[in-house]
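Novice: Below are the chains, spelled out letter by letter.
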Amino acid sequence: MPRRLIALALLLALSAAAYILIDLKGPVAFILPYRLTKLAALMLVGVAIAVATVLFQTITGNRILTPSLMGFDALYVFVLTALVHTLGSVGFSALSPGVLFALNLTAMTALGLVLFGVLMRLARGDMVRLVLTGIVIGLLIRAITEFLQRLIDPNEFQTVQSLSFARFTQIDGVLLAVSAVAVIVGTGLAWHLRHRLDVLSLGQEAATGLGEPPASLHRLALLTICLLVAAATSLAGPLSSGGFGPASFFGLIVTAFAHMVTPTHRHAILLPCAALIGGIILIGGQLVMERLLDLATPLTVVIELIGGAVFLYLLLKRRAA
Amino acid sequence: MIRIEGLSHAIGGSPILHDIDLTLPEGGVTALIGPNGAGKSTLLSLIARLQKIQAGRITVGGQEVGRTSDRDLARTLAVMAQSTHVSARLSVADLVSFGRYPWHRGRPGAIDRDHVEQALTRFDLLALRHRFLDEISGGQRQRAFVAMAYAQDTPYLLLDEPLNNLDIAAARDLMGLVRDMADRDGRTVVIVLHDINYATGFADRLVVLKDGRIAAQGQPAQIVTEALLRDVFGTSATVETLQGRPYVVV
Amino acid sequence: MRLAGAALLSGLWLLSLAIGAADQSLADLFLTPEGRALMLESRLPRTVAAVLAGVGLAMSGQVMQVLARNRFIEPMTAGAGQSAALGVLLCTLVLPGAAIGVKMAAAALCALAGSLGLMALIRPLPPTQPLLVPLVALVYGGVIGAVVTFVAYQGNMMQFLGTWLTGELSGVLRGRYELLWIGAVASGATYLIADRLSLLSLGEDAARALGLNVGLVTAAAVAAISVVTAMIVVTLGAIPFVGLVVPNLVARLAGDNLRRALPLTALAGAILVLAADILGRVIRAPYEVPVATTIAVIGATAFVVMLNRGRTRA
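Protein chains in written order, with the working numbering: chain A, 1 to 321; chain B, 322 to 571; chain C, 572 to 885.
Derived from the structure by calculation, the hints contain no laboratory data. There's no promise every hint is true.
[Claimed, not checked] Quick partial rundown of chain A residues pointing at chain C, CB under 8 Å, derived from the structure:
id, residue
1, 90
2, 93
3, 128
4, 137
5, 147
6, 151
7, 288
8, 292
9, 294
10, 295
11, 301
12, 308
Where is the CB? At the ideal position from N, CA and C, for every residue including glycine.
If we strip away everything but chain A, and leave its shape as in the complex, we get (with noise of 0.2 Å):
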């Protein structure tokens, strides 16, 4: 196993490096910091969501669901309408990434600790009816948000729409360190957990036999979820296409190469393995799309198309077992 995550990380540094270094013409001291931003941005927000989606995925105990799926991302440009809503496009504008950063996160972590908490206790136990009602849940969260940004001025409309696609363009150097931060954070409170969330893998009952109830598990759990999505979302935007799709699937394709690459229980490898897959996606699939295919399509819209594709192949492979 180590030896696949080593054959990861070498990847991963090899298109870090091409990504760097392909097409470095003109004015070197300017283009230089600019990727270089824009790579760790990438870093982090693979990174973040892949830890996040495993975490998700062990407490909920299946391998289809992803934060994103049960309306997570909605809720980030949710909490920027209303922000916009009651600020102002003035007074929004006025906030600082810092400040802005820690109302969002508090705001995504708090409201996503209800929706997960609805969402539970509205499925109880049913796998299908759980993914579906978040899914639902998750277009009725985009669709207020919709009516609330066509109930404020059009001109601050457009502040809100700017911010609601995932861009990896502009990037704040303060909000970049503030991310990193909370993504570290994250990232260490789920390594902190790896060994009680192996004995979640065994299910509820067995877990409490062995001394690990699932309910404290959870919280903590979900709390670092929420951290780190929230930390991705406000660095990068939501990952969703913006289109007709419900939600973003970048976090299912992440796992279920992770659970290929390192088929294993033990989230101490399962964990730097999806984090790894998480930054190779990313940073890869810009290097393709931008480099070497020249598209003007963002990348989140061909994750959207392949994780739909792949979740729908894990759905129906499920079934047929």
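On the provided structure of chain A, position chains B and C as indicated by the hints.
Specialist: Just chains B and C now, kept in the frame of chain A:
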């Protein structure tokens, strides 16, 4: 000793257990039996703190359930729940190793590995150790789960209908191993059983539940009678005695 | 029930005619020449469009639920709507000067292909897991939606796409909504085969045993759904959830016999869309909230409730 005092429990407004007082002595195999919906599994899961106690008190080996830390309790009692469905893809050895978790909290040492080897050997799982749980038979899987509970090395062992869906060979085999744990290691085993004949054949004591109350308790030979079958189970069947143990003619 | 519904619809109809940016009393609309012009050019078409869309969406939703034998599915979010948008988009990219008729045909054909694809996908799903069908359908719709976004980005048509992704009635004028009548005809056609469709809900084998040509009826129904969906997407844009919520509501009141239920479904669909449009016009006048947005809020809420009420019976 497991001591239960004034235990009542309701699920969604409908009462499941009514004011139960029960003392189970140290050692031996105690079987909980009774018709469907009598509250056997609820009683077991309350002892095992799989559900929260609503009213009453349970102590296991002097430790009060609900007040003792989860970790300490996990070193006192092991439980094998009714549903043994595991979403993760685990090998038999992985599963049995989990039994040691309360002792090492994620960092297994030499002692833990010894215990796992011992459990695998004793439950005849050495040949299967690298097989995944979804690749082996139902009987082998149940055996692996009991082996995990064994590896947990606790004085008390709770098993909830471990014979579900097992054929006669696997069921007898498993009950033999359970019997052996009580006899050789002096563990206190409480087991929920569906089939009275397995209970009379392997248990030292029976506790009979009906509608959330204890209808009878004692040695099988004393309490399994045609009257009990009629009053508690609502069926008129003959009881025959064979080698000192009563058996219901089905 | 029908009478009450019809009365409600007429009331909304008048209200819809009376509300608008220009301040005209209802009497003026009929009596003065400017008023008449305004009404014929803008308000009447808009009102008619809302009613036609509501009828088409609700009826095609019900028909699709019968075909899929599942209550939680509708064409607009299950691939047909997205496929129709893809058809228009591709047509605009490949043949920029194409007549509206050609675009329409492209949309309808793509919607047909999208619906058939979905049918093939959900056919092997076990009937014991009813929620699996809407889950697969939603994600399938999402995947096609992502294809649409991809094509739009590559063709530099994201702006253009926005109008199709949210159904709006504000652009409806005389001469720009009449395609909806084709959709209305297609909806009407489903009523003609209502009895046969009802038989299908007994299951394919039972229907065949009763002498039904299952293949033909299914094909006709899928074609009708695709035409209706395509016409609505081409003229107004996507309007989600109407086809999901309305038939469920009607089935609760009137049962599943399509010959009885379809007219009620049509009526209720018209009421919902028209009411949502009126609400969207009033709530933040002079700006408008698109009808699709209003309905998405109502529809998604209703869907969540439906999903979790079904549990007690299932």
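Novice: With reference to the structure, classify each hint as holding or not holding.
Specialist: Results of checking the hints against the structure:
1. Contact between residue 90/A and chain C, as hinted, is not supported at the beta carbon level, the nearest pair being about 19 Å apart and thus beyond 8 Å.
2. Interface hint status for residue 93/A: violated, as the beta-carbon distance to the closest one in chain C is roughly 22 Å, over 8 Å.
3. Checking residue 128/A against chain C by beta carbon gives a least distance of about 4 Å; that is within 8 Å, so the hint holds.
4. Because the beta carbon of residue 137/A sits about 6 Å from the nearest beta carbon in chain C, less than 8 Å, this interface hint is met.
5. For the restraint placing residue 147/A at the interface with chain C, the shortest Cβ-Cβ distance is roughly 5 Å, inside the 8 Å limit, so the hint holds.
6. Of the supplied interface hints, the one on residue 151/A holds, with its beta-carbon coming within about 5 Å of a beta-carbon of chain C, less than 8 Å.
7. Checking residue 288/A against chain C: minimum C-beta separation of about 14 Å lies over 8 Å; hint violated.
8. Annotation: residue 292/A was flagged as interfacial toward chain C, and the flag is violated, the nearest CB pair being 15 Å apart, outside 8 Å.
9. Given hint, residue 294/A at the interface with chain C, is violated; its Cβ is 11 Å from that chain's nearest Cβ, farther than 8 Å.
10. The criterion of a C-beta within 8 Å of any C-beta in chain C is met by residue 295/A, whose closest approach is roughly 7 Å, and the hint holds.
11. Hint on residue 301/A holds. Least Cβ distance to chain C is approximately 5 Å, under the 8 Å limit.
12. Nearest Cβ of chain C to the Cβ of residue 308/A: about 4 Å, under the 8 Å cut. The hint holds.
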